[in-house]
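Enquirer: Sequence:
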Amino acid sequence: MINSKVILSGVLAVFIGGCASNQSEVEFKPVEHFKDENASYEIDTLWYKKYGESYLNKLVDQALANNYDLKTAALNVESAYANLGLSRADLFPTLSSSWSAGANRDISTGSNWNKTYSSGFNVSYELDLFGKIRSAVNAEGWNAKASEFDLENTRLTLINSVVSGYFEMLYLNDSLKWTKQNLSDYREIEKIIKAKYDYGKSEQLDYRQIQNSILGLENKVLSIQKNIEDNHKYMRNLISSSLQFDDNTDSINSIEFQGVDLNVPYTALANRPDIRAAIARLNSSFYDEQTAKLNFFPSVNLGAGLTNGQGVSANDSFKLNFLSGNVSISLPFLDYARVENRLKISEIAFRKNVVNYEQTLSNATNEVLNLY
Numbered sequence: 180m181i182n183s184k185v186i187l188s189g190v191l192a193v194f195i196g197g198c199a200s201n202q203s204e205v206e207f208k209p210v211e212h213f214k215d216e217n218a219s220y221e222i223d224t225l226w227y228k229k230y231g232e233s234y235l236n237k238l239v240d241q242a243l244a245n246n247y248d249l250k251t252a253a254l255n256v257e258s259a260y261a262n263l264g265l266s267r268a269d270l271f272p273t274l275s276s277s278w279s280a281g282a283n284r285d286i287s288t289g290s291n292w293n294k295t296y297s298s299g300f301n302v303s304y305e306l307d308l309f310g311k312i313r314s315a316v317n318a319e320g321w322n323a324k325a326s327e328f329d330l331e332n333t334r335l336t337l338i339n340s341v342v343s344g345y346f347e348m349l350y351l352n353d354s355l356k357w358t359k360q361n362l363s364d365y366r367e368i369e370k371i372i373k374a375k376y377d378y379g380k381s382e383q384l385d386y387r388q389i390q391n392s393i394l395g396l397e398n399k400v401l402s403i404q405k406n407i408e409d410n411h412k413y414m415r416n417l418i419s420s421s422l423q424f425d426d427n428t429d430s431i432n433s434i435e436f437q438g439v440d441l442n443v444p445y446t447a448l449a450n451r452p453d454i455r456a457a458i459a460r461l462n463s464s465f466y467d468e469q470t471a472k473l474n475f476f477p478s479v480n481l482g483a484g485l486t487n488g489q490g491v492s493a494n495d496s497f498k499l500n501f502l503s504g505n506v507s508i509s510l511p512f513l514d515y516a517r518v519e520n521r522l523k524i525s526e527i528a529f530r531k532n533v534v535n536y537e538q539t540l541s542n543a544t545n546e547v548l549n550l551y
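The sequence shown begins at 180 in the numbering used here and counts up by one.
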């Protein structure tokens with residue numbers, strides 16, 4: 180009895196000491212709820228329809244339905260929210276039940292079989308005394324938000340790519356049309372110059388020059404045709420490998436371009452989904468780091484169960500007459516080396532996400548400046 184009291188006192192002393200030694204390291208202001216700042220703005224996600232190009236709208240719709248990167252991003256969102264659901268489940272008790280049947284006999288005496296039946300119902304719950312579970316939930320919540328922003332960024336990038344590829348296609352079709360027309364005109368001019376040369380009315384140099392011009396136009400036609408082929412491959416990669424192109428497209432000169440609002444404030448960059456994803460991952464890694472710090476704290480688990488003991492009939496197995504309970508205390512800081520290195524890993528991950536955010540913001544700023 181004395182030994183058990185000594186052991187219990189020692190465990191409690193280590194428990195209290197573990198709490199006191201790390202309390203100063205866990206001072207932070209958690210962000211409990213995500214606020215979507217874009218909700219206060221009217222953002223036209225169908226901006227490309229303002230061009231009034233039905234073929235362009237069709238291509239964008241096909242891309243949104245078939246693009247593999249977009250499908251993968253959508254699955255990543257589902258996976259992230261499934262992980263969030265797993266983390267949230269840790270906030271609630273874990274329930275389990277069991278049922279078993281067995282038989283044995285003494286083969287030395289040849290006695291009859293003794294049948295036994297047992298069943299049980301158990302519940303266990305980890306007390307979130309220091310907020311470790313809640314911190315892990317917050318980390319997964321921000322990670323899920325980051326995956327949403329990744330999906331939004333993939334969608335926006337896909338639309339931009341299809342629109343850009345479409346206008347490139349119109350430009351190349353116009354270029355091919357007018358280059359072929361120029362080539363045809365130069366061939367007619369060649370006939371005239373050759374006739375003049377045959378009658379001694381023109382110099383050989385004039386004839387050579389027109390031939391060189393024709394050769395240059397022929398090479399230009401081949402180059403444009405190659406660019407059209409590359410553009411088609413690019414569009415098929417975005418939309419579908421079986422995509423067939425309409426040859427009767429509008430001239431790029433018939434497009435009424437919408438222009439760009441140059442008075443948009445610099446702070447509007449905060450609405451970019453790639454920047455928002457970087458911020459969300461920064462928040463997620465912050466909570467991961469806090470969770471790693473809280474891993475030094477003791478954890479307390481409560482358990483309870485109902486069992487039937489050992490029944491001799493199947494009906495007896497459902498008579499849950501015995502109630503049991505237990506309390507377990509885990510002291511993870513005793514495994515200091517592993518816990519400390521996990522904390523270092525999470526700290527490095529946080530710093531990497533800081534750098535990633537700064538790089539994403541810098542790239543976005545440079546992109547705008549280069550296009551301004």
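Treat the hints with care, as some may be off.
Stated by the list, open to error - Between beta-carbon pairs, the in silico distance windows are:
id: 1; residue 1: Phe436; residue 2: Glu221; range: 43 to 49 Å
id: 2; residue 1: Lys356; residue 2: Asn535; range: 44 to 50 Å
id: 3; residue 1: Leu243; residue 2: Asn545; range: 26 to 32 Å
id: 4; residue 1: Gln404; residue 2: Asp240; range: 24 to 30 Å
id: 5; residue 1: Ser509; residue 2: Gln241; range: 26 to 32 Å
Claimed, not checked - Each computed DSS-like pair below joins lysine-lysine, with the alpha-carbon atoms no more than 27 Å apart:
id: 6; residue 1: Lys373; residue 2: Lys356
id: 7; residue 1: Lys228; residue 2: Lys250
id: 8; residue 1: Lys228; residue 2: Lys412
id: 9; residue 1: Lys237; residue 2: Lys373
Since the hints were made in silico from the structure, they are not lab data. The beta carbon of each residue, even a glycine, is placed where N, CA and C say it ideally should be.
Enquirer: Would you mind marking each hint as holding or not holding in the structure?
Expert: The hints, checked one at a time:
1. Taking 43 to 49 Å as the suggested C-beta distance range, the pair Phe436 and Glu221 does not conform, at roughly 21 Å.
2. Look at Lys356 against Asn535: about 46 Å separates their beta carbons, and that is inside 44 to 50 Å.
3. Judged by the Cβ atoms, the range 26 to 32 Å given for Leu243 and Asn545 holds: they are separated by roughly 28 Å.
4. Roughly 28 Å separates the CB atoms of Gln404 and Asp240, a value that falls within the hinted 24 to 30 Å.
5. The hinted range of 26 to 32 Å is not satisfied by Ser509 and Gln241, whose Cβ atoms lie roughly 55 Å apart.
6. Between the alpha carbons of Lys373 and Lys356 the distance comes to roughly 26 Å, so the proposed pair stays at or under 27 Å and holds.
7. Taking the CA atoms of Lys228 and Lys250, the gap is about 23 Å. The hint holds against a cut of 27 Å.
8. For the hint linking Lys228 to Lys412, the alpha-carbon distance of about 24 Å falls within 27 Å, and the restraint holds.
9. With a CA separation close to 50 Å, the supplied pair Lys237 and Lys373 exceeds the 27 Å bound.
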